[in-house]
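Based on the sequences and whatever the hints tell you, model everything.
Chains R, L and U are the protein sequences, given in the same order. Those letters in the first sequence? Residues 1 to 533, by this note's numbering. Those letters in the second sequence? Residues 1001 to 1188, by this note's numbering. Those letters in the third sequence? Residues 2001 to 2359, by this note's numbering.
Each hint should be verified, as a subset may be incorrect.
Stated by the list, open to error - Pairs of lysine-lysine, DSS-like flavour, derived with a Cα cap of 30 Å:
| id | chain 1 | residue 1 | chain 2 | residue 2 |
| --- | --- | --- | --- | --- |
| 1 | U | 2072 | R | 83 |
| 2 | R | 83 | U | 2317 |
| 3 | U | 2061 | R | 83 |
As the list claims (entries may be wrong) - Some, not all, of what chain U presents toward chain R, calculated at C-beta under 10 Å:
| id | residue |
| --- | --- |
| 4 | 2073 |
| 5 | 2076 |
| 6 | 2356 |
It should be emphasised that the hints constitute simulated quantities derived from the structure, not laboratory data. Every residue, glycine too, gets a C-beta built ideally from N, C-alpha and C.
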Amino acid sequence: MNLKRSLSWLVFLAVLAVWIFLAQGMAGKIGAASLEGFVRVFSWPAFGYLLLGNLIGFAVGMLPGLGGPVTMALMLGFAFQLKMDAVEAFSFLLGMMAVTATTGDITSILFGIPGEGSTASTIVEGHPMAKKGEAGRALGASLMSSLMGALIGAGAIAVAIPVVTPLVLALGTPEFFMLTVAGVTFVGALSGGSVIKGLAAGGLGFIFSLVGLDMQTATERFTFGTMYLWGGGETGGAGIGLVPATVGLFAIPEIIDLATKGGSIAQAHVGRLGGVLQGVKDALRHWWLVARCSAMGTYIGIIPGMGGPVSQWVAYAHAMQSSGKHDQVGTGVIEGVVGPGAANNSTLGGALIPTIAFGIPGNVTTAILLGAFLVLGLRPGTSMLTKDLDVTFSLVWVLVVSNVITVSVCFLFLNQLARLTRIKGTLLIPPLLLFIYLGSYTHTNSFGDIIITLIFGALGWLMVVFDWSRPALLLGLVLGRLADNYLWITYSRYDFGFLARPGVLIILCVILASIAFPVIRDRRRQRAAGNAP
Amino acid sequence: MSSRRLSIAFTGGLFVMMAWALWEAAGWELQASLMAWLIGLPTAALLAVQLGRELLGRAERAVPAGEDEPGLLDPSLVEREVEPLDPAEERRRTANIIAWILGFAAAIWLVGFQLGIGLATLLYLKSAGERWPTVIGITVGVLAGVVLVFDCGMHIFFAEGKLFTWTGLTATPLFNSFCYQVTSPFKG
Amino acid sequence: MNQRYASLAAVVAALCIILGAATQGAAETSFKGKTVAILIPYSVGGAADIMARQMLPFIGKQIPGNPTTIIKNMPGGGGIVGENWVYNSAPADGTIIGQFSTSVTDTIFKPGKVKFELAKLQWLGGVRETTVTFVSKELGITKGTELGAVKKKLFFGTTSIQSPRSMIPRLLLKILGKDHKLVTGYGSSGDMRAAIRRGELNMTNDSQSGYFAAVLPMVEEGAVVPIAQEGTVQDGKIVRDPRLPDLPTYYEIVLELKGESIRKDPNYRAMELLAYLGGVRRGWVYAARVPKDVFNTMAASFDRFLKDKEMIAHFKKAIGFQLVSLNASAAQSIIDKVVEIQKRDPEALEILKAMAKKP
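Here you go:
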């Protein structure tokens, strides 16, 4: 244990030394720009727009029918009409986006329905806590870790400025492909009881992701001749939408559970101690876990195509694994709330890094932000790190200030929110079903979305009954399309020579280790149990 | 069927699905099928192993936490409010809610999103034995949410219900005019 | 008790508004009180969607009766689901305008899926854009004509083998007899820019909007060099895009290197066909069923919209270059030409279809 600690410190110090070496000479400029950015965010009317953005983001995060990226696209028009300048527009748009992952966790915990696509993971441990009557504690922990994660993600932008080129361009497509496989193996092997079932669920998710019209060859894969399953989007996204599948897998089983058990969501009543403050203490107690998950979230945000929907599950698997409570999945393990809560917030900071520095948006959200950049006359690239450094820093401050404000406001009435879990189930079911169906319907605005939700609802329910890993399946679905593209780029560019790349080999070792580790651990435990009856 | 047999059936079902997927992928050209084979073969193998273990009765039972872990709480502070159900009642309630989940979807399909959600909410609450004021209050709330926020506010494309398209009627202009009335005071 | 009456009152009030509005809507003949929707066959937040959302405030005021204008998204099938819906199922009263980007090439590369006839769509207008091919500075060239002399292996990146945008540079390389490797599978232009930076690719192309927004900074920095453009169709001819007057078209490069005789080469004719296929980069259309007088009213509105100085100024600021628009008759003539060439030159068409299958 001591060795592990000192090793991590060593790595940390080495990274710090490299950073200081690269950053020397920029320090003065960074300081000045940081201050200027701070002043610009707090000047009027930018600050007013920030508050407005926070307010909208608050509702968008909470309501499962409203996704962050969709609303942001709608608000973009609003920003144009009001003729906002760059800092005002970012205060508004980023201020909105920055808090959706924070308040989305609230819906996930309270009702078992993901408020955002990137907050599904907090359902797995957070919602069981709500059922045990510990909603307040789960919310407190999630909000506190969200805040910490957002601060770390925002800090990462500032830290990344001097080292942005190696950070973003170090890995190529072959490594991205290996990372997608690593993500699914990691979550499949570590987040549940059985390694075999976990990996198989991940594999199934990969296969589900292939459903649709393959934009490469125009092959219809598993579409049963229906055009709905071709998939949507300008670049031909997946046939099975992320939101319909997520909502089906996680929310439908919770609705069945709520109606079957009767009564309210909270099956038990806990006294004052189950409250918010306890959760805050939990998050602070696990500060090191929060830091690690935030770092993961930030880096996953940098990788193109990945983002909150990925980072939350990797953080979840890591949190469950390092907590040593991997055999208590789904019972309300607090680490499983704290880790993803931090990761899905830090991801936005990470995703902004390549957007600012190279005009390479990592995901839909940053692609829309990039659109706003251009409309407002900012050209991403080196000028954002030199001439317009103050604008870059204003983004950092928007992330920080928005989360501080929102989390503080949330704490004011968290206890009231927690009380929602005590409303009679029958009254909650119609609005919850509305949000389930509306949330999935907004994927392509067709009835097919609802059918997908029902199919994945049935699958999710059976997976709960027979103890299969839903996170692994979902992550396979998220990463499968990316992996498919990365694999073909890799193959057509490097043939099989890619297997000899050092980065690929290192990630391969990590994959093998993450499979071997739980197997060895279980063996050891069995032997220990056999020796000491 | 016992729960063990059901579990075997589920695993078997997944295996059959996987095998079918591989068989289907065999007909595609290399670029489209590469991923399916690369991931599908190991997955099918894992599923086969799992199926074999379950058939031989050697599947590791995931050790459920013996009791709910109360965290830092004193167990005496927790008071259970709901008694465990008897299995027959649990099955009945499960079937009931599954029927309703499908019913909501069917209502949306038949009469469109806005009216369907409203109608299903009304029927569900009434059948759950709620009193009229509660039923109407929640129904109107749900309807207002859909129409005002999502239709008028965000212009989500709500498809016409099948019942309307079959009979040649249309509800869309009604909602459009309603939204026009609601939003016109906000336009300069 | 109070709650009961309040709820009842709310229901009654809502019904009254709905009924009142419905009768009022039916009495009008112009677009007054109606909702005109621009239907985007892609998701919210894509390039097509963002462009339409910027247009929206400018277009409503040009339509008689000042209707509410909104955007509706119907993504699916890479645009085909929405395109089919506009053509076959949308109301015929002119309240649905399709904004099509790939409908023209879809009819060639996705036959059987497309449920509309190109020749029967009614075009209200559109915008012209060129595409630009650029190479990494590692190749050490400054002009398209030097492409044949490059020593290094060319790695040309694109989203998909079917991408029409990538076919012209592929044909250029084919005519020049230059060996290259086609790397497909990238999700977006952004991914390809990153791949060029890390040396994975050394050649790719981008739309004009993408070029001005994100490639130009890389050109200024010296990381990449633009070598050729597709050009746009003006008065039936392919010309350099007025916004990029110094960058030669692929056709000029080929003609300079191979002489006039190349015009007879089917590969060259396929290249030309591609320029016409992309002639209406984004177009606004009515289904064939929309009555002629409604079409005329809306086409006139679009004409006013496309000439609106305020709108032009906004787009110049937003996308960094002047919007070059096509009015209804200009758009229609390009589409007519596409239909005509396809009939006249099946050989060129077959080359394109083959390229969509094999690199």
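Quick rundown of the hints versus the structure:
Between residue 2072/U and residue 83/R the CA atoms are separated by roughly 24 Å; this keeps the pair inside 30 Å, and the hint holds. Our distance criterion of 30 Å between C-alpha atoms is met by residue 83/R and residue 2317/U, whose separation comes to about 12 Å. Straight-line distance between C-alpha atoms of residue 2061/U and residue 83/R comes to about 18 Å, which keeps the hinted pair within the 30 Å bound. The beta carbon of residue 2073/U comes within 6 Å of a beta carbon in chain R, closer than 10 Å, and the hint placing it at the interface holds.
The interface hint given for residue 2076/U holds, since its Cβ lies 5 Å from the closest Cβ of chain R, which is under the 10 Å cut-off. Taking 10 Å as the C-beta cut-off, the interface hint given for residue 2356/U holds, the closest approach to chain R being about 8 Å.
Checked against the numbered hints above, the structure breaks none of them.
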